[in-house]
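Novice: Sequence:
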Amino acid sequence: MIRALAAKELRELRPWAALAVLVWLIDVVDDALGKLDLRPLSVTFHGLSDSSVGMLWLLAFAIGTTLGTREEDDGTLGFLDGLPVTRSRVFLVKLATATAVLLTYPLLKVGLAIALHLLSRGSLDHPLHLGLLAQLLGLELLLVLSGLAFGAALGRLRSLTWLVGGALALGLGLLLEQVPRAALLDPMSLAEVQTQGLRLRFDREALAVQAGLAALWLVVAWAGFVGSGRPRFTQLSRRPVVSALVSLLTVAVVVGAMALRMRDDDEDDEGHGSGADGEQAAPKFAPSPPASTATTHYRFSYPALQARDALALAEGADEVFEGVHRLLQVPPGPVIDVDASGSMRGTDGTAFLGGLRMELGPNARGVLAHETSHVVTRRAAGDERAWLWSEARVLNEGLASWVQRRYDPREARHREDRLVLAALHRRAELQLSELVDPEALARARDDLLAYTAGEALIDATVRVYGAAALPRLLGAFANPKLPQDVEHLQLWQACFQLAGMDLGRVVDEFFREVEGQAKENAEALLELPRPRVVLLTAQGWYGAKAVVDQPLAEGWKVVLRFRPGPESDSSTFDSYDLAPDQPQWREAASIRKAQLCVQAGVRLPQGNALYEPWACVPVSEAMEWNEDEE
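So in our numbering, the last spot in the sequence shown is 790, and the numbers never skip.
Quick list of simulated restraints, FRET-style, between CB atoms:
1) 324 / 492: 50 to 58 Å
2) 684 / 707: 20 to 28 Å
3) 715 / 324: 53 to 61 Å
4) 754 / 252: 39 to 47 Å
5) 348 / 747: 27 to 35 Å
6) 716 / 676: 18 to 26 Å
7) 507 / 256: 41 to 49 Å
8) 780 / 747: 16 to 24 Å
9) 478 / 628: 23 to 31 Å
10) 376 / 566: 52 to 60 Å
11) 328 / 472: 38 to 46 Å
12) 244 / 290: 36 to 44 Å
These are calculated hints, taken from the structure and not from any lab test. Ideal Cβ placement from N, Cα and C applies to all residues, glycine included.
Assemble the whole structure, with the sequences as input and the hints as a guide.
Specialist: What follows is the structure, encoded as structure tokens:
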């Protein structure tokens, strides 16, 4: 009987299933006409949770509006009541069938992404990461259930359904302008996911709220279907005048809700441009409580609770703007938008073509100078070719750090930077081949080395060729003669040559200075702790700890960094700051080919980390961990 009911529902939902397959076939044709070898899962993953989820929720809502009322309106409810099956079971079959049909497109889309990945994956992005895909499909399942449940609950209102639904959407949009926390009630909050290593990052509170709302709407819809009966007030909508009025109000409310949503999206996209690392992004201003101020060269937006810090920064901001342009010998450019509500996790600031985001803190003036220099250098390199400047990440971040030191000296940080470069040089680990390759540098060394070594390279360039070398170097990246198919060392050599400079002389000066620092800090280098990795096992878990050869000084920490395999991309690394001998355990899913790949290091007080070489150790060599002995 259940199979017959499911078959009946599938027949009625065939147009929706056909639509899902048609849209998927369009995606297949689009990808078939593209370059399959450029579409691994690492590229297409984020597209699996794009703006199409909004349409998916609307389709779920539309189908849900007839989920509990179609049988009654078609006169088949009496027939179903004569079958040996309860209304509750009929409702569950309807819900399950509609959910399966709505998941057709997401499943086909994920299948296409997997197929493209299998055709195009390389050694650096070989894994499928099925766990991530399963989590993503789980979120889309909840999104579908949310739309179905909401539509089924409001569907009892018949012709008033879309009017009430649009009014609720419009009310939520207006509420968000005053109470941003109300975003938890927006089902689209489920689509705001990011990757962190091998996990999905999403708002757990929003997930809980949406799951609770979906359950509530489902109970309402189920109660309406089981109880049946048409609300009396909906019968009024059959009258011509009332029907026309309802239709007019429905169109007005739905259009208003869509306009409000589009306005919010446009505000989010305002100032859209390329990030300092070549990624497309846009500064997003704090929604509440809002405050703003403007200077000659900046427009600041900041949380009102941080008004004192923001206004203090704005007071001397124009001096920073003019000073950065003077240091780089670039004519002053347009006003820069500054979102002072925070930056991406692990960063003090993030730059875009026409704006920047930053944290308000004790070093805010230096951060403003750093990010302003990113904006200025991108403008100098030209928007169309600025991605080449971003490819030379060490020079890019180094120049910004060189500017920042003029406004935020922090001698302790500068001394630590020089010590780190000297230590790497003495260990024969300061390699130009890594400095010119951002991915190779990120896989082998601490990410801060791009800033530390880059600043020293810019210093060396200025010492050899003078301050006039900086605008010449930026101009080389904007020069149409610069080939766009070169990378790494060839890119650096081509740029320095177009700028009329010898990269070899700059590199020689860089290493001469680092060697001098190594001699000056010879005793400190001998006292640097060197951690080694010990593999551990306990109750089926595997982990590692770092053992240092001497006690750590105050402010120093041990750091362990893991990767899935020997050739894994740096975006999959997990890093943990720990105390000496403190174990860090790993999930079984993160261990590949029965070996644990781990890198130990020490983190210095100012944030730099000195890593030892990577070690991929078979888990069979792990020693049993005894907490009592520790």
